[in-house]
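A.B. asks: The hints should help you fit chain F onto chain W, whose structure is shown.
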Amino acid sequence: KAGVTQTPRYLIKTRGQQVTLSCSPISGHRSVSWYQQTPGQGLQFLFEYFSETQRNKGNFPGRFSGRQFSNSRSEMNVSTLELGDSALYLCASSLSLASPNEQFFGPGTRLTVL
Amino acid sequence: QKEVEQDPGPLSVPEGAIVSLNCTYSNSAFQYFMWYRQYSRKGPELLMYTYSSGNKEDGRFTAQVDKSSKYISLFIRDSQPSDSATYLCAMQASGGSYIPTFGRGTSLIVHP
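Protein sequences appear in the order of chains W and F.
Numbering-wise, our numbering comes out as the position in the first sequence, counting from 1, plus 13.
Numbering-wise, our numbering comes out as the position in the second sequence, counting from 1, plus 35.
Just chain W, with the same shape it has in the complex:
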């Protein structure tokens, strides 16, 4: 069974630009969660989508948004990029976020904001 895939793997943007990251979950998984990982703050929850609906949201500004498509693929968007948005963005898929032992992470997208 194919794992979670994320594209692109690396991205360089400049301040003020916007970026869209993509995540394809494991086949059959309907829950997709997004996380931001930085050396200073560690791994922080951004939001979770289940069946095209945002079910949970972390404590991030409105510049961070996401969506999920009918095939469970998900995208997250960051508008008006700031230097502090430089991070590894991880996507995780599961049958449901209520099953913490079934969450599988992708390799991440490394975003660098200059």
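One should not assume that every hint holds.
[As the list claims (entries may be wrong)] Here are the simulated distance ranges between beta carbons:
| no. | chain 1 | residue 1 | chain 2 | residue 2 | range |
| --- | --- | --- | --- | --- | --- |
| 1 | W | Ala15 | F | Asn57 | 21 to 27 angstroms |
| 2 | W | Arg80 | F | Ser61 | 30 to 36 angstroms |
| 3 | F | Pro116 | W | Gln67 | 39 to 45 angstroms |
| 4 | W | Ser112 | F | Asn62 | 16 to 22 angstroms |
Source of the hints: derived by calculation from the structure; they are not laboratory data.
Because the structure is a prediction, the values reported are computed rather than measured.
All C-beta atoms in this analysis are idealised placements derived from N, C-alpha and C, irrespective of residue type, glycine included.
C.D. replies: What follows is chain F alone, placed relative to chain W:
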């Protein structure tokens, strides 16, 4: 104070040593306790999962949860250079929003 505290290390040990990794937490609602391993340039992978208190063993790995002390541990026996990675603890409540809270991770280096 963060909800989950984890010493970032690095922790450097010789091959064959017993490794102890720990996290403390403040939220008594946490019921699920996980340990993830993350290699460089990879996403985290679930290593151990425990519900509520107690011990769980899987091969060379043992996870312990002490809810009375709000303290969890991961022990690695006979550590190998391939165990060199960052180990993240994570916790989650059993009801409500199911949002997991992660520690910052401990970098482990096992040298031959």
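A.B. asks: Would you mind marking each hint as holding or not holding in the structure?
C.D. replies: To see whether the hints hold, each was checked on the structure:
1. W:Ala15 to F:Asn57: 21 to 27 angstroms: Cβ of Ala15 (chain W) to Cβ of Asn57 (chain F): about 35 angstroms, so the range 21 to 27 angstroms is violated.
2. W:Arg80 to F:Ser61: 30 to 36 angstroms: Since Arg80 (chain W) and Ser61 (chain F) have Cβ atoms about 34 angstroms apart, the given range 30 to 36 angstroms holds.
3. F:Pro116 to W:Gln67: 39 to 45 angstroms: holds (42 angstroms)
4. W:Ser112 to F:Asn62: 16 to 22 angstroms: This hint holds: roughly 20 angstroms between Cβ atoms.
Checked against the numbered hints above, the structure violates only hint 1.
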